[in-house]
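Assemble the complex: chain A is given as a structure, and chain B must be docked to it using the hints.
Single-letter residue listing:
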Amino acid sequence: MSGQAQLLPGTLDLLILKAVSLGPLHGYGILLRIGQISEQALLIEQGALYPALFRLVRQGLLKADWGTSENNRRAKFYELTAAGRKRLREETDGWNRLASAIASALSARPEEV
Amino acid sequence: MNFLAYLRSLAAKFFRRSEIENDIQDELRSHIQHRADDLERSGLNRTAAERRARIEFGGHVRFKEESREALGGNFLETLMLDVHFSLRVLRKSPGFTLTAVLTLALAIGANAVVFSVLNALILRPLDVPNPESLYTIEHRRNISLEFSYPDYLDLRDHNRSFDGLAAYNNSQAGLDTDGNPSRVFVDEVSGNYFDVFGIQPYLGRFIHASDEHGPNSAPYIVLNYAYWHSHFQAERGVIGRTVQLNKHPFTIIGVAPAGFHGPVLFFSQDLFVPIVNQEQLEGANSLNERGFPSLLMTIGHLKPGLTPQQAIGDLNSIGAYLEKTYPKTDAHMGFGLARPSLFGEFGGPPTRAFLTALMLLAGLILLAACANLGSLFAARAADRTRELALRLALGAGRSRILRALFTEALLISLMGGALGLWGGAVLLRRLSVWQPVAKYPVHMAVYPDGHVYAVALLLTLVSGFLFGAAPVRQVLRTDPYEIVKSGSIAKVGRRITVQDLLLVVQIAICAVLITSSMVAVRGYARSLDSNFGFEPRNAMLMDTDLAMAGYRGDRVPAMQKRMIETMQAIPGVTCVGLADLTPLNGSLDNSIVFTAETTDLRSSNAAGGVVMYKVSPGYFRAAGTVMLSGRDFTWHDDQNAPRVAVINQEFARRIFGSVASAIGRYFKSSDGTRIQVVGIAEQGKYQRIGEDPELAMFFSILQSPSGGTTLLVRSNRDPAQLAVAMRSKLRGLDSGLPFLIQTWKQGLGVALFGPRMATISLGVLGAMGAMLSITGIFGMAAYSVSKRLKELGIRMALGAQRREVLEAALGRAFRLLAFGSTAGLVLGILASRVLASIVYQATPRDPLVLAGVVLAMALLGLVATWVPAQRALLLDPMTLLREE
Numbered sequence: 001m002s003g004q005a006q007l008l009p010g011t012l013d014l015l016i017l018k019a020v021s022l023g024p025l026h027g028y029g030i031l032l033r034i035g036q037i038s039e040q041a042l043l044i045e046q047g048a049l050y051p052a053l054f055r056l057v058r059q060g061l062l063k064a065d066w067g068t069s070e071n072n073r074r075a076k077f078y079e080l081t082a083a084g085r086k087r088l089r090e091e092t093d094g095w096n097r098l099a100s101a102i103a104s105a106l107s108a109r110p111e112e113v
Numbered sequence: 001m002n003f004l005a006y007l008r009s010l011a012a013k014f015f016r017r018s019e020i021e022n023d024i025q026d027e028l029r030s031h032i033q034h035r036a037d038d039l040e041r042s043g044l045n046r047t048a049a050e051r052r053a054r055i056e057f058g059g060h061v062r063f064k065e066e067s068r069e070a071l072g073g074n075f076l077e078t079l080m081l082d083v084h085f086s087l088r089v090l091r092k093s094p095g096f097t098l099t100a101v102l103t104l105a106l107a108i109g110a111n112a113v114v115f116s117v118l119n120a121l122i123l124r125p126l127d128v129p130n131p132e133s134l135y136t137i138e139h140r141r142n143i144s145l146e147f148s149y150p151d152y153l154d155l156r157d158h159n160r161s162f163d164g165l166a167a168y169n170n171s172q173a174g175l176d177t178d179g180n181p182s183r184v185f186v187d188e189v190s191g192n193y194f195d196v197f198g199i200q201p202y203l204g205r206f207i208h209a210s211d212e213h214g215p216n217s218a219p220y221i222v223l224n225y226a227y228w229h230s231h232f233q234a235e236r237g238v239i240g241r242t243v244q245l246n247k248h249p250f251t252i253i254g255v256a257p258a259g260f261h262g263p264v265l266f267f268s269q270d271l272f273v274p275i276v277n278q279e280q281l282e283g284a285n286s287l288n289e290r291g292f293p294s295l296l297m298t299i300g301h302l303k304p305g306l307t308p309q310q311a312i313g314d315l316n317s318i319g320a321y322l323e324k325t326y327p328k329t330d331a332h333m334g335f336g337l338a339r340p341s342l343f344g345e346f347g348g349p350p351t352r353a354f355l356t357a358l359m360l361l362a363g364l365i366l367l368a369a370c371a372n373l374g375s376l377f378a379a380r381a382a383d384r385t386r387e388l389a390l391r392l393a394l395g396a397g398r399s400r401i402l403r404a405l406f407t408e409a410l411l412i413s414l415m416g417g418a419l420g421l422w423g424g425a426v427l428l429r430r431l432s433v434w435q436p437v438a439k440y441p442v443h444m445a446v447y448p449d450g451h452v453y454a455v456a457l458l459l460t461l462v463s464g465f466l467f468g469a470a471p472v473r474q475v476l477r478t479d480p481y482e483i484v485k486s487g488s489i490a491k492v493g494r495r496i497t498v499q500d501l502l503l504v505v506q507i508a509i510c511a512v513l514i515t516s517s518m519v520a521v522r523g524y525a526r527s528l529d530s531n532f533g534f535e536p537r538n539a540m541l542m543d544t545d546l547a548m549a550g551y552r553g554d555r556v557p558a559m560q561k562r563m564i565e566t567m568q569a570i571p572g573v574t575c576v577g578l579a580d581l582t583p584l585n586g587s588l589d590n591s592i593v594f595t596a597e598t599t600d601l602r603s604s605n606a607a608g609g610v611v612m613y614k615v616s617p618g619y620f621r622a623a624g625t626v627m628l629s630g631r632d633f634t635w636h637d638d639q640n641a642p643r644v645a646v647i648n649q650e651f652a653r654r655i656f657g658s659v660a661s662a663i664g665r666y667f668k669s670s671d672g673t674r675i676q677v678v679g680i681a682e683q684g685k686y687q688r689i690g691e692d693p694e695l696a697m698f699f700s701i702l703q704s705p706s707g708g709t710t711l712l713v714r715s716n717r718d719p720a721q722l723a724v725a726m727r728s729k730l731r732g733l734d735s736g737l738p739f740l741i742q743t744w745k746q747g748l749g750v751a752l753f754g755p756r757m758a759t760i761s762l763g764v765l766g767a768m769g770a771m772l773s774i775t776g777i778f779g780m781a782a783y784s785v786s787k788r789l790k791e792l793g794i795r796m797a798l799g800a801q802r803r804e805v806l807e808a809a810l811g812r813a814f815r816l817l818a819f820g821s822t823a824g825l826v827l828g829i830l831a832s833r834v835l836a837s838i839v840y841q842a843t844p845r846d847p848l849v850l851a852g853v854v855l856a857m858a859l860l861g862l863v864a865t866w867v868p869a870q871r872a873l874l875l876d877p878m879t880l881l882r883e884e
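Those sequence lines, one after another, are chains A and B. Counting in the working numbering, the final residue of the first sequence is number 113, and the numbers go up one at a time with none missing. Counting in the working numbering, the final residue of the second sequence is number 884, and the numbers go up one at a time with none missing.
Isolated chain B (complex conformation):
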């Protein structure tokens, strides 16, 4: 029989099951009737004859089942029978079923979610043609991906390794389609950008290298597909339309294909604009400055057959040429290649490490859940020893009984898996549309895909087999005759059983989870309390860029001064400051400085790399940054006055030796201007809350103008009301200026995103660990009490005290709990070293954490054993002994 025919006959049998069933039924009945006819003829009355005939026939059900098996194609049918039987058994103990399904749903759900994120951020390649040969160039020295435009042009034109090298930078702009400008996220792209990716437009055409004819020569817009849908209602007629971008006319020429949002996975832009029009977008043109990194990233496909190593050699030879030709600006031109999807080495390794660790923890959860269910199953099998023995004695094969037990386990795991996956998918869908950071277009496409479903199914089946295997040994060793003869074989031995082992493993795993989540949460709480070098409480931020409304030149500082004055006039506002950027807000302006004595200003002679801010007078007071000595800027520190700067503590210490000796001293900026130090500010955090002390300097925004504007408004008023007042005042100043208002705490979302995600996910896993240990201990304790009811009853009847009863009933559970927790705590402390690298200030050697874990485990034990303990204490020995 060929396979297809076999399948067809199987299907036919499957669907005609009841027909076959009836057929068998009819035939057996016919047999009994014929036999009864004979018996009747020999003198019995009809009823007696039929009864006798049935008895002679033997095990009706068994023969029916054997007949069905003999008919073949029985795998599916037996399976259906097993499923049917298991469902009946499970329906009889709904509490057990519900607990088991929920436990597994949680564990599988957690794994599905973590794997889905891992899949989206690490495993799934970028959705462009040939993602495997796509690389970005990084600076070997500081793993930065940023390049100046002239350096990029040299790399693009002289390399022999890439099939075209594209570059882009991101910025924001004001897009005006109907007189009401809104803030949009723009990717400024090189002309060859789309061609390097090798993608085709969904609509219209893309920007090409042939469009570039010098500065501001290509006023074209390509829309992101999602943005076209949400803001242009997917209207095909937008092609050819002219809109205002930062008050300059641009023409919409195309729409990018759905799903394309550049080379970085968790960012998305609203539109693409040629980088040659940078001046119109950012208000200044830095495309000719070799020393200014105006590009966020370069991307290209390696030529076929070329190894990354060969390409790096090629790039480094260009680097050596650049170092020689432009010693002032191009000092360290050693290169490496990295994957663009997570910002190269900057985001890749930490993300990978964290997600791998998380996946490991989720795996532990599943393992704990399996141990939990395994011991439940073993206990159930022990309770059902009599039933199993009876079935064995009546001739059921051991394999058949094991198959039934596995069917039960798999049914539970499939139900749990389906429920968990459903919950996980709901959560992931939420996560995918979540906008955690208002200032940046974060876009996390973590929708579950085929891989996620496959992994979830695999995990489900594997865990079903894992915990289903727990009672196997018990069943195989069951001796039906012994048990039927002597009742259940409750040996009150001191031997360590499989169940004990499983429970200890499970408790240890849970203690690891609880320890690491406590370490993370505590570390996070401490990092929020730590000193950032400014005071984020009771302050609002207003983010904008004056270039978005077409301000340039002298109009910029004038407008900024008016903004400050207008904000100060709002009732309840205590002080107002302004800066081009605020610390811990994602973007950074890096520069280098030289000592005053340096004359050869090549970047290799720099005294250090410094974070640079341009701030208004009053900024330090508004930010809550303490001035250690010297003075704040005044409105007289303008273009006509000598250049001055406020530096931070680390700058003073490293460049001038100490805070005391720095005031009044000079240093040189990257272009060689002599700048006098007039004030010293306290040390702060600038990029990440976990960073080492960095050098920072503050320039007067009157002396170093910047269109990028963040207003800091400090007030004790309700943030919502204050925001309304600020909005109306700003509209009054210029109705054409798009801006974003948020509290400073919300503004820290960028810097806190990683730690917050880490803490939330670890917290959730810890809570799940706690839940699992409760169900595990509860199951074990309840079981051991119910097993020993009779013994406990006798002890009580003989006058045992409550304490002794409790000790007898639960002592073992508590000893196992203590043992497991200790092991878990030690393991957790070891594991937390990994955590310390992600969550700032996370240390397991924290008495509070240690005490917390011990307390938590003890509490969990108490909660979980409460009900069984009550049951043991409330025993009435008389009733019990009478019943037995």
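If we strip away everything but chain A, and leave its shape as in the complex, we get:
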């Protein structure tokens, strides 16, 4: 597990939106999808997912419906709403700007200053 990184505060919401944007998922599925797309590099406490999910539903970024999972079990499936899609776009842009800024800041060499 030493290869896993702690999540930065606020980034969980972004990851959830991203995971759901690839197709409707239930909670456990979202967890698996995040693991998959981050190549198991991010550590998410399983239970902590749900408060975040409910918060996003309440903000109108996700909508949820009960359905049946691939394991033939009842599960609640989450989907992006239009607002959610818009938010994902904005947050992704914001994140990329921030990341490249930080990256370029961290890669600065003495001679460039």
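Hints were generated in silico from the structure; no laboratory data involved. Misleading hints may appear alongside valid ones.
To be verified - In silico BS3-like pairs for lysine-lysine, Cα to Cα no more than 27 Å straight-line: (1) B:K561 to B:K745; (2) B:K247 to B:K561; (3) A:K18 to B:K64; (4) A:K86 to A:K18; (5) B:K328 to B:K668; (6) B:K64 to A:K63.
What the hints assert, rightly or not - To be clear about the criterion: a stretch of chain A counts as covered by chain B if any three or more of its residues have a C-beta under 8 Å from a C-beta of chain B, and this derived list gives those stretches: (7) 17 to 30; (8) 73 to 84.
Glycine is no exception: its CB is placed at the ideal position from the N, C-alpha and C atoms.
Frame of chain A, contents of chain B only:
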């Protein structure tokens, strides 16, 4: 989202709580199942897989709660959760909960009752239109509200300040509807009375100024609403009915609206009759006598835009005219304005002062209760340090923990408040129908209203926050890691803690209450023992007015003599006397006298104001009044004999210089008649038990006839039996005469009403203070013993003596008690100076009171520490040390 929609969603969430709850529950369970499926696929068996999945998931309850919060609308839900949790915590310590709730119930109840009375008597305006502009005219000189009828007419007709000036007087009469007359309380009102108040009749019509056409011209009755209900069964057909009032026919023309009972708050009448018919009601007509105050009160609305000051100027100019025109009768015609509801300046300021003081004391009780509960809460929080630290360590926010503690405090205060208010309301309902004085129609409408409920709720919430705040500092300073590591942090320091401070404050407050209640009770007891100038024990009073049965002229003294003789014939009766009024019975007949040498009989030349009684021969013996010198009246002191009087000690001293020189001397009554002093009676109390020595004179009732009749019957027989005998004898004399029989002690109820109420209320508050200090000290002592059980055990194991153990366990409690009591005693003595003005003979510089307070506090301390002390002494060090 607009506010309404928000509320709706909140309500929906609130009511669908379990649905949402289930939803969350299902989803989390589904997650764990899916995870377990995966784990099972990797080779675990199902049970192990589910277990593993649950562990991986983390704090199930915490995430559930966070999820619920994330769903929003959580204030109510969190509140419900907090309430739920607090109820569970409180249920776990029923003793604590019960003590706290009862303590608070008492304190809130006391405040609700006192505030309700304050509200009814002072804050709530009279229930008539525009009560704020309603004033009564008072005499500046002696704050009296009484006027003679001619003076009233002049004021009414010549003032430019009032929208009509009404007047009334009260009296009693015999009302005969079916041949069985009963005593009724009558307000004799001026014709414009109802129109000045601006009220409409409930039924029929009111009396109007146009009904007045000279003496006895308006034989009409308007019934009080409550009396119409109780005595006429609310029958609408009474309008137009003719009834006999003092044997004169009167017609019932209307019923006053519910709730209207004139301008004075704590009196109520049975019916209203025009004052122009005064002669039929009182047997004599004093409406033409400018020197005779036949009116109890004048009332009117100030014209809009006029200040009381302007109105007083206007009235005083009429006063100056009256002084000039009628120098004989109208001497001091300076006026002021006062509120009518408590008899103006006569009843207003003392009532206000007393109720304010009482409210203050009740507030102190509540404060003491809060200090008490505050220290209990602080102690509990200290006991729960481990639990709190654990919760903090597990990630609960401090704000959440504080919220839980406040919820507990508020729950307790709300329960206590509800209980206290309920108890208070029961008491107030009793008080509202209470008839403390048989002779007068006292009516105290002190029902709690919206204001009372609002104040009670406010006090409840404030006190909840007050004592809930006590442990806040403790919680904020809790360092979870330290505590979880090292166990509870019982520092046996000598530092003064919040709890100590609270306890001292509380004990001081309680000592103040106990001191003032002792001062009051002792003062009251002494005032009952003091010399009234008559002997109320073993005597019965029979009150009536012969005018009620239509007696007038020569028939009055003849009937009075027959009454005396009939009473004397009752076996066991030692002596009988008769007077128009008895001392300390509420009503007074005031007059002025002149020295024998005065020729210009204007009232400004009077030698003094005197209380006047008209008494029969034998009165002094029957009353138990000692004659200092001279003689009693005889049956020969009648209309044909020279006018004679018996005067009291103060009269003799002030007018004639001394008792010895007064016998045989002359003075002049208000109409100039020369009267010889034949006897001197001991000084007595006439109006209030706390009054300064007043001048009094007694005339022979044969020379100054009066229909007002009080029979004094002295006997050692049982009062109930005697009353039966008296009643049957009086019925035999005249079955149409209504009367009231009571013991003389009961008759003193009027004069003792104020002191008695003061003593009862202070006594109750004192008892509550005592109770609070017991629970406070007990709580503190029990807590300090339980905190130091281990230390005490070690000391005992090392051979400490009982005394040392006690000192270690309770020394601090006792020192705090001593400190608090001393402070309270000093404060109480200072506060009691205020009391001395209300309760006669109340002085805090009374060794008995001081000793009593010290003894009481010591006793309270002993009682309160008894159980904890026993617990400390009965410790078995071995068991204790083994357990730890």
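These are the hints, each one checked on the structure:
1. Between K561 (chain B) and K745 (chain B) the CA atoms are separated by roughly 25 Å; this keeps the pair inside 27 Å, and the hint holds.
2. Taking the CA atoms of K247 (chain B) and K561 (chain B), the gap is near 22 Å; set against the 27 Å cutoff, the hint holds.
3. For a cut-off of 27 Å, the pair hint linking K18 (chain A) to K64 (chain B) stands: about 24 Å separates their Cα positions.
4. Of the supplied pair hints, the one linking K86 (chain A) and K18 (chain A) holds, its CA atoms being roughly 11 Å apart against a limit of 27 Å.
5. A hinted pair counts as satisfied when its Cα atoms are at most 27 Å apart, and K328 (chain B) with K668 (chain B) qualifies at roughly 14 Å.
6. As the CA atoms of K64 (chain B) and K63 (chain A) are separated by approximately 19 Å, the hinted pair is consistent with the 27 Å bound.
7. With a cut-off of 8 Å between beta carbons, the segment 17 to 30 of chain A has 4 residues touching chain B; three or more are needed, and the interface restraint holds.
8. Beta-carbon proximity to chain B at under 8 Å applies to 4 residues in the segment 73 to 84 of chain A; the threshold of 3 is reached and the given coverage holds.
Checked against the numbered hints listed earlier, the structure breaks none of them; every hint is satisfied.
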